[in-house]
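Undergrad: In case you want the letters, here they are:
Number of protein chains: 2
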Amino acid sequence: MKNYAWSVLSFMDEWEKIEYKPIPVRTLLVEMKNLSELMIDLAYSSALFHSHELAEDVLELEKRVDTLALLLKMNIMIAARDAKDAKDLLGVSLVSSAADKISDAAADIAYIVLHGIGIHPAVREAFERVEERLGRFRVKANSILAGKKLRELRLASRIGVDVIAIRRGKDWIIDPKGGDKILKSDVLIARGTPSGIEELGELAKGTLRELED
Amino acid sequence: MKNYAWSVLSFMDEWEKIEYKPIPVRTLLVEMKNLSELMIDLAYSSALFHSHELAEDVLELEKRVDTLALLLKMNIMIAARDAKDAKDLLGVSLVSSAADKISDAAADIAYIVLHGIGIHPAVREAFERVEERLGRFRVKANSILAGKKLRELRLASRIGVDVIAIRRGKDWIIDPKGGDKILKSDVLIARGTPSGIEELGELAKGTLRELED
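Chains as they are written, first to last, in the working numbering: chain A, 28 to 240; chain B, 28 to 240.
Since the hints were made in silico from the structure, they are not lab data.
Please note: incorrect hints may appear among the correct ones.
Same chains, same label: a pair holds when it works inside one copy or across any pair of copies.
[Claimed, not checked] List of simulated lysine to any residue pairs, SDA-like, C-alpha gap at most 25 Å: (1) K111 with L141; (2) K128 with E58; (3) K204 with E237; (4) K111 with G145.
Start from the sequences and build out the full structure, keeping to the hints where you can.
TA: Have a look at this one:
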């Protein structure tokens, strides 16, 4: 199992240097919270689908949460000028720790998958509700999604699906906005109704070629 | 901040005796997972609404998760008879630890509320999506919900709301089924669309007296 020491170690293995950047505390916290929730769903899905890819997504996101946590710590230090600020920012610091703990729990589940530990029927049952509400699809070059902005596609109102993350090579766009464009080869992670998720899969594969209103 | 020592201590303070009961591993695991997810949403809501009641709900559920974790450990020990069983059940044990960690994270957030630590705007922003999708309502005696089975009410199809937990005095019914009846004074915890949640609140209060199809 991963523990904190391991986490710091793996972090240092990659020699990623953490540089202070002035980023609003709220931006960092919102991203940490959204990521940690996304990671739990991805981790459950990775266990259900025996998906090493999803499990590795989770571990990658965990590193990102760790980085965000360090950036947040530095920005909190600089933001706090007096006792009142310190008290106000204490809650931010505690919520950030909670998000970090949740992201660790997601990583623990991803390790089960990556270590080839079998998925017991009890685990399957515990996770199976997620199966219906989450999808991960790579956008084929001939998909009608490729090259479109999310705003144009109006997936939420048309098929009841929200794209909650886009993985583009090594980059992640978490909680993409209407102006964000889907490119071919992007991996979309979406949440929605079972039928909507299925439809999105077909749109991404290119087997479904139109979106009805 | 709560840590493990504290948790065991508070547990022992109440002299609750843990007795082995033969409960299917899957039942325990499904409940732990559902509870831990519910707790995260309740914890976020408690922070948003500055609600001590919700925060105390979270701490109570955390004790329940701790108890479930211990029962699960015992049932896993007894279920495992050979090396193959042990390997199969390892995943269950790891998922249970992850659920426990998530429930701890939820309790950490509840502590912020109970310690009167202010909710910084950044925290508010991080949590505000939850506000719209979760409600906690006490059922008044004159509410049309009182005395009805969930099945009769068909809240999901009529107003887009799922009752995910019912608190009845010190008891909790998590993930209630169609045959479960709502009683007056029950506290309903529900997830759904913003308008549906609002409607459910009015039904519980008794200000709205009918449900349309």
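Undergrad: Hint by hint, note whether the structure agrees.
TA: Status of each hint after checking the structure:
no. : hint           : result
1   : K111 with L141 : between (46 Å within a copy, 19 Å between copies)
2   : K128 with E58  : both (15 Å within a copy, 20 Å between copies)
3   : K204 with E237 : within (22 Å within a copy, 38 Å between copies)
4   : K111 with G145 : between (51 Å within a copy, 10 Å between copies)
Going down the numbered hints, you'll see the structure goes against none, and every one checks out.
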